[in-house]
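Protein chains: 2
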Amino acid sequence: MGRWWSSARGAEHKHLHASSFCRGLQHVQEMTHFLFSPQLTPSSFLRIGQLSNVDLNEDIRELETELPRQHPNEIPHNEKLLSLKYESLDYDNSENQLFLEEERRINHTAFRTVEIKRWVICAMIGILTGLVACFIDIVVENLAGLKYRVVKGNIDKFTEKGGLSFSLLLWATLNASVVMVGSVIVAFIEPVAAGSGIPQIKCYLNGVKIPHVVRLKTLVIKVCGVILSVVGGLAVGKEGPMIHSGAVIAAGISQGRSTSLKRDFKIFEYFRRDTEKRDFVSAGAAAGVSAAFGAPVGGVLFSLEEGASFWNQFLTWRIFFASMISTFTLNSVLSVYHGNAWDLSSPGLINFGRFDNEKMGYTIQEIPIFIFMGVVGGILGALFNALNYWLTMFRIRYIHRPCLQVVEAMLVAAVTATVGFVMIYCSRDCQPIQGTHHGILWAAGPALTLHSLSTSGSYNPMTLGMFTLMYFFLACWTYGLTVSAGVFIPSLLIGAAWGRLFGISLSYLTKGSVSPWWEGVLGGIVRMTLSLTVIMMEATGNVTYGFPIMLVLMTAKIVGDYFVEGLYDMHIQLQSVPFLHWEAPVTSHSLTAREVMSAPVTCLRRIERVGTVVDILSDTSSNHNGFPVVESNPDATQVAGLRGLILRSQLIVLLKHKVFVERANLSLVQRRLKLKDFRDAYPRFPPIQSIHVSQDERECMIDLSEFMNPSPYTVPQEASLPRVFKLFRALGLRHLVVVDNRNEVVGMVTRKDLARYRLGKEGLEELSLAQT
Amino acid sequence: MGRWWSSARGAEHKHLHASSFCRGLQHVQEMTHFLFSPQLTPSSFLRIGQLSNVDLNEDIRELETELPRQHPNEIPHNEKLLSLKYESLDYDNSENQLFLEEERRINHTAFRTVEIKRWVICAMIGILTGLVACFIDIVVENLAGLKYRVVKGNIDKFTEKGGLSFSLLLWATLNASVVMVGSVIVAFIEPVAAGSGIPQIKCYLNGVKIPHVVRLKTLVIKVCGVILSVVGGLAVGKEGPMIHSGAVIAAGISQGRSTSLKRDFKIFEYFRRDTEKRDFVSAGAAAGVSAAFGAPVGGVLFSLEEGASFWNQFLTWRIFFASMISTFTLNSVLSVYHGNAWDLSSPGLINFGRFDNEKMGYTIQEIPIFIFMGVVGGILGALFNALNYWLTMFRIRYIHRPCLQVVEAMLVAAVTATVGFVMIYCSRDCQPIQGTHHGILWAAGPALTLHSLSTSGSYNPMTLGMFTLMYFFLACWTYGLTVSAGVFIPSLLIGAAWGRLFGISLSYLTKGSVSPWWEGVLGGIVRMTLSLTVIMMEATGNVTYGFPIMLVLMTAKIVGDYFVEGLYDMHIQLQSVPFLHWEAPVTSHSLTAREVMSAPVTCLRRIERVGTVVDILSDTSSNHNGFPVVESNPDATQVAGLRGLILRSQLIVLLKHKVFVERANLSLVQRRLKLKDFRDAYPRFPPIQSIHVSQDERECMIDLSEFMNPSPYTVPQEASLPRVFKLFRALGLRHLVVVDNRNEVVGMVTRKDLARYRLGKEGLEELSLAQT
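Protein chains in written order, with the UniProt record's numbering: chain A, 1 to 772; chain B, 1 to 772.
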């Protein structure tokens with residue numbers, strides 16, 4: 001719950017914006033009034049609390065140790081596993097003859113056109129991302145308003161009759177139904193739209209192809225899903241999913257077509273390859289951050305921190321442009337919608353309100369307090385992640401059927417509603433005078449509560465403590481549900497509540513200093529540092545707190561890292577994604593390319609039999625995606641050295657277009673293809689099974705010379721793992737050929753060969769590969 | 001001049017800080033009073049103005065076209081030249097056996113120690129950089145105060161007697177003398193300390209070894225030089241040199257020794273190589289920006305924009321840490337010095353004052369104005385750069401003798417003093433009532449003027465226009481003088497004055513909106529974008545203006561780029577430095593490694609004759625620094641493939657330690673070296689001439705196997721220039737071996753081979769190489 005009341009915020013949003021916070025407060029006070037009825041006792045709250053989370057985690061721990069043996073039909077899962085089902089993206093251009101010919105045709109003027117197109121695309125990404133953010137904001141506002149009116153009408157009726165438990169039931173049912181819809185579309189239509197999408201975008205930018213992650217369908221489900229989750233009153237934010245939305249928009253626009261809609265606008269064809277697409281997706285993610293938090297610079301930093309393996313100033317600048325356009329669009333549209341046309345004061349979805357500048361500033365005596373808050377934030381974050389880890393393991397094992405996932409989401413929605421309801425009831429019970437004030441913690445919805453905690457009012461420590469505790473467990477339980485939702489706002493809220501609580505106990509501190517404390521928990525959970533600092537600086541519109549924010553975030557990260565990984569990294573690892581971190585494990589110098597590479601390698605000859613190619617591609621046991629090309633007829637004296645590298649996708653296009661000649665007529669020129677033929681097939685190349693090759697055709701020969709990349713990157717066998725890793729990571733490679741002293745192919749290094757080495761507690765450990 | 005009055009600021013700094021700006025203004029008013037005397041006429045001012053700059057630039061243009069033929073003793077110089085005198089840094093570890101053995105010995109715990117050392121070093125860099133900034137600030141304040149008292153005493157005396165021209169003389173002489181000292185130490189002791197040092201640090205981070213750039217002596221000269229330039233009243237800022245200072249501090253600390261002081265503290269020996277040193281220098285540069293502008297995030301971005309070819313999160317974080325510590329140290333020390341202990345309100349050297357939060361904000365109607373300001377900023381910046389370009393060409397040709405350089409610096413100091421003096425005089429002449437107010441423009445010194453323009457007062461358009469014009473030419477003339485000084489403050493000042501001028505003409509605009517206009521000129525001159533936006537946001541303590549600032553900076557960059565390059569890039573190019581930009585020229589796909597590489601390559605055999613090694617190293621005509629190592633005795637059937645790469649520095653250490661055996665005793669084990677022997681010699685390896693090798697020793701054999709890097713990066717001959725460039729740039733290489741299909745060495749690509757290709761007005765152009 002906590003979100004049912006977001007209706008209050010939604011309906012009154014315009015007022016809140018136009019005037020001060022107080023008017024919103026009045027409404028909340030009116031509403032909490034309706035709920036103060038003695039039907040529910042404190043003990044019932046306790047029971048619900050236990051049911052909701054604490055015991056559940058105990059259960060999981062038991063399940064961990066015992067149940068695997070008892071339930072044979074569980075999905076086997078192990079965090080020390082690397083899945084083979086994820087393909088890699090190819091950020092290295094295949095510089096074959098076709099590509100070079102095209103590039104050489106592009107003169108300076110033509111290049112300028114391409115460059116202008118890039119800028120236009122970035123502007124479009126910014127505008128559309130901003131509009132999507134507006135759409136989410138406005139729809140949430142209106143739906144929440146509607147829900148509020150319905151429930152209010154009912155409560156009015158039943159309060160008179162004294163049946164508040166019925167009100168609770170209605171509230172919980174309504175929330176659960178809304179969340180059910182949100183969960184159903186995610187679970188049954190597009191599961192990749194679940195969660196915030198940030199881990200998925202991290203993976204994409206890292207170079208891992210997550211199926212469906214940047215499709216239009218995903219965007220639609222994501223947007224609807226996040227609206228429903230927020231309206232359904234879950235302990236979630238609508239900010240995280242904006243990053244995913246921006247990325248999908250970017251991927252769509254930059255390709256100038258939609259495969260889902262079967263429309264090809266025949267524009268931007270030059271950008272139909274992984275390299276270019278990734279750059280635009282970076283811009284889209286940045287635009288998403290920018291729209292969500294009003295933090296354009298933070299958005300750029302987020303994209304760079306997560307994605308760009310190589311900092312390119314031109315690219316950075318375009319990303320920055322997209323971010324700026326995005327926040328500007330959101331700002332303009334919302335200002336018009338809220339009736340203060342062109343008053344550009346709401347740059348992001350999130351709204352902390354304005355800080356009173358006079359009270360800003362901190363003294364050196366507060367530094368230890370900041371560090372302490374960082375430590376607490378780190379510990380809370382680690383606890384959050386650890387709990388969520390067990391929960392996720394439990395979900396992977398037992399809640400993998402979509403209908404179960406929907407049921408769980410509904411359960412969480414109902415519990416959230418109930419806990420909030422009871423909390424308001426209790427707080428009034430204990431503190432009859434100040435009670436009206438406390439209601440806001442639960443009733444106002446996370447975003448408004450954050451605003452309130454940061455700017456105004458004083459809270460009773462007891463209520464605040466209970467709120468922090470409950471909200472912590474609810475947020476933890478919520479993250480990982482099969483709904484679209486973000487974890488930024490909930491973790492900020494926990495931090496803010498805890499910070500305020502701490503501030504009250506150290507009452508000599510001015511309340512203005514609460515601000516940097518918020519980030520502790522968020523920092524402890526997600527562990528981004530530089531970008532998060534800038535995002536928080538921009539979102540709060542305040543630079544003075546840069547140093548404290550950074551201090552808190554750094555401490556939180558150090559403390560948190562001591563216990564467990566960051567939330568996103570944890571989820572990536574739980575999905576067994578072959579994610580490449582910044583550097584190879586520090587102790588991996590003892591390994592060389594010879595030890596990490598896959599061998600033997602399936603090579604193709606420069607002029608190869610079609611049948612051989614088809615057989616190799618059809619071999620499901622290996623399912624390789626890149627093949628070194630070697631000289632066709634090595635003499636005894638000549639070395640069969642590496643001549644190039646060709647990709648599965650390229651071979652499939654060649655076979656599809658029947659680019660081969662009969663063996664008897666080798667002197668004939670085989671059909672020429674254009675780069676366009678490859679681009680048209682990108683990115684969904686047909687499987688080999690869909691291409692029919694007759695028995696006669698199998699005997700034909702195919703000349704790969706002009707299609708293969710003649711200068712693939714190579715490493716000698718002696719190269720150490722860190723060296724291989726650095727080359728692979730810095731250039732965003734997909735295949736790296738290992739050669740011997742005579743340039744003969746001896747092995748191949750791919751993403752999974754590098755990602756499987758990890759620094760564990762006892763030094764270097766190796767993940768096992770699995771097809772799951 | 002303009003800086004003589006910085007005494008006023010200096011002496012009263014404490015007051016200015018504690019109270020408002022007004023008290024400082026009173027003092028300035030008192031002082032301008034002394035100067036209002038009718039001895040100097042407006043015409044004399046005009047004469048001086050012409051003498052100072054306008055005619056000079058005309059002269060240069062004439063010189064450009066005619067003089068080269070007339071004066072045979074000029075230094076030949078051409079911008080289409082690439083100097084061979086600059087060596088490259090090696091950011092790729094030489095992973096030879098010694099290195100790998102050491103790395104393998106390092107277990108997880110030992111690595112943690114190394115990591116902690118890195119953090120400790122970064123903290124020390126931050127603290128020392130902050131202290132140096134404090135030192136500069138405090139000494140400038142006191143010296144300027146002293147100068148002020150001396151001059152004031154004299155003016156008091158002479159005003160009574162009516163001899164204001166004598167006052168002017170005293171003022172000009174005093175300024176010229178101070179600048180003379182500053183110029184002498186730079187010109188005669190350490191010329192690399194001239195200017196802001198930003199181009200030099202850009203080059204260092206890019207991978208070019210600029211001699212002496214990170215030495216202790218340079219730091220001392222830099223700090224003294226910048227103090228003297230500022231006290232000497234030049235149109236300069238003290239912010240730019242902080243970046244260089246931070247870098248030197250970082251290089252010094254991270255090596256744990258000082259070659260200048262001949263002290264080796266035997267610590268941090270692990271970091272004695274280019275890779276590690278560069279990382280620390282990045283941190284130092286960031287700490288410098290942070291201390292200068294109170295902009296820690298901006299500092300990190302600056303370092304990343306300029307230096308880091310590969311964004312590494314761990315590194316970024318350490319850089320951020322150093323930045324934070326730096327601004328914090330500065331803030332703490334200055335707060336104590338100014339008597340407001342622990343009131344951390346002055347995070348940087350620069351001080352814009354506080355903006356009134358109520359008046360902040362902008363509306364959409366102002367957007368075209370921002371763009372217009374950007375355009376004007378871009379044009380002004382381009383004009384500044386173009387003028388400075390001609391001036392620099394003139395200086396390179398004719399003012400290359402140190403004594404001439406000192407004379408020019410003195411001339412500029414005298415002219416600056418005179419122009420300012422006359423301007424104050426005139427403005428009183430024309431506007432007797434408001435005159436006292438105008439004086440501040442010239443008298444208060446750039447930093448305070450900036451503060452004044454941004455926060456208070458109204459100015460007469462005439463005075464302001466004249467001020468802008470004069471200051472523009474003076475700043476342009478000053479940049480490139482043989483003194484230590486920065487261009488940030490002057491260009492911000494021009495922008496602020498022009499912005500205020502424009503604001504007055506569009507009087508319906510609120511003055512609060514002036515802020516984002518400043519950056520136009522700065523953006524037009526230096527052309528950094530993302531980092532500059534963040535620096536300005538942090539320096540002004542305001543996030544609201546993010547979008548306008550970005551808009552202005554982007555427009556300024558686009559407009560400026562249309563005309564000429566950025567100032568730093570221009571100076572780098574004028575120095576013929578082989579600087580690698582972000583990408584290869586877009587139209588360079590037509591070039592392959594075969595065409596750009598240097599061939600033939602001097603190779604060494606794996607077991608080589610000492611005499612051959614000595615001869616190759618002594619060959620001054622080639623002076624290579626890296627040598628591919630091939631198999632010793634290639635049979636007819638075996639290919640003489642590449643086995644490794646060895647550096648000149650490594651060979652010199654081997655020869656110095658007599659690591660070789662007699663040919664007859666090849667089975668004997670040659671002397672083993674440790675990595676420490678190489679590190680002790682780093683970075684000043686002795687020249688080959690200093691190593692004596694006897695005739696007997698020349699016949700010995702040296703086994704390179706365990707010292708060479710057995711896995712150097714290679715490219716095939718077919719690789720396109722952009723591909724080679726990307727590999728080279730992304731990994732920070734120094735040597736890239738080009739091999740054929742059989743792994744035999746056919747060529748070598750070094751920095752100069754890549755840097756010589758440039759995109760000119762008519763497409764791809766090739767710079768010629770020269771030994772200058």
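Because the hints were derived from the structure by calculation, they are not lab data.
Note that the structure is a prediction, hence the values are computed from the model and not measured.
Be a bit skeptical, because a hint or two may be false.
Since copy identity is lost for identical chains, a pair holds within one copy or between any two.
Computed cross-link-like contacts, SDA-like style, restricted to lysine to any residue with a CA-CA straight-line distance of at most 20 angstroms [stated by the list, open to error]:
(1) K658 with Y91
(2) K761 with R112
(3) K761 with I379
(4) K80 with L501
(5) K658 with L731
(6) K80 with L759
(7) K117 with E583
(8) K262 with T113
(9) K262 with N665
(10) K209 with L501
(11) K85 with R679
(12) K209 with Q313
(13) K209 with C603
(14) K117 with D561
(15) K658 with I189
(16) K761 with H108
(17) K117 with V586
(18) K217 with A123
(19) K117 with T612
(20) K752 with P722
Ascending list of hint numbers which this structure does not respect
Hint check: 1, 4, 5, 8, 9, 10, 11, 12, 13, 15, 18 and 19 fail, others pass.
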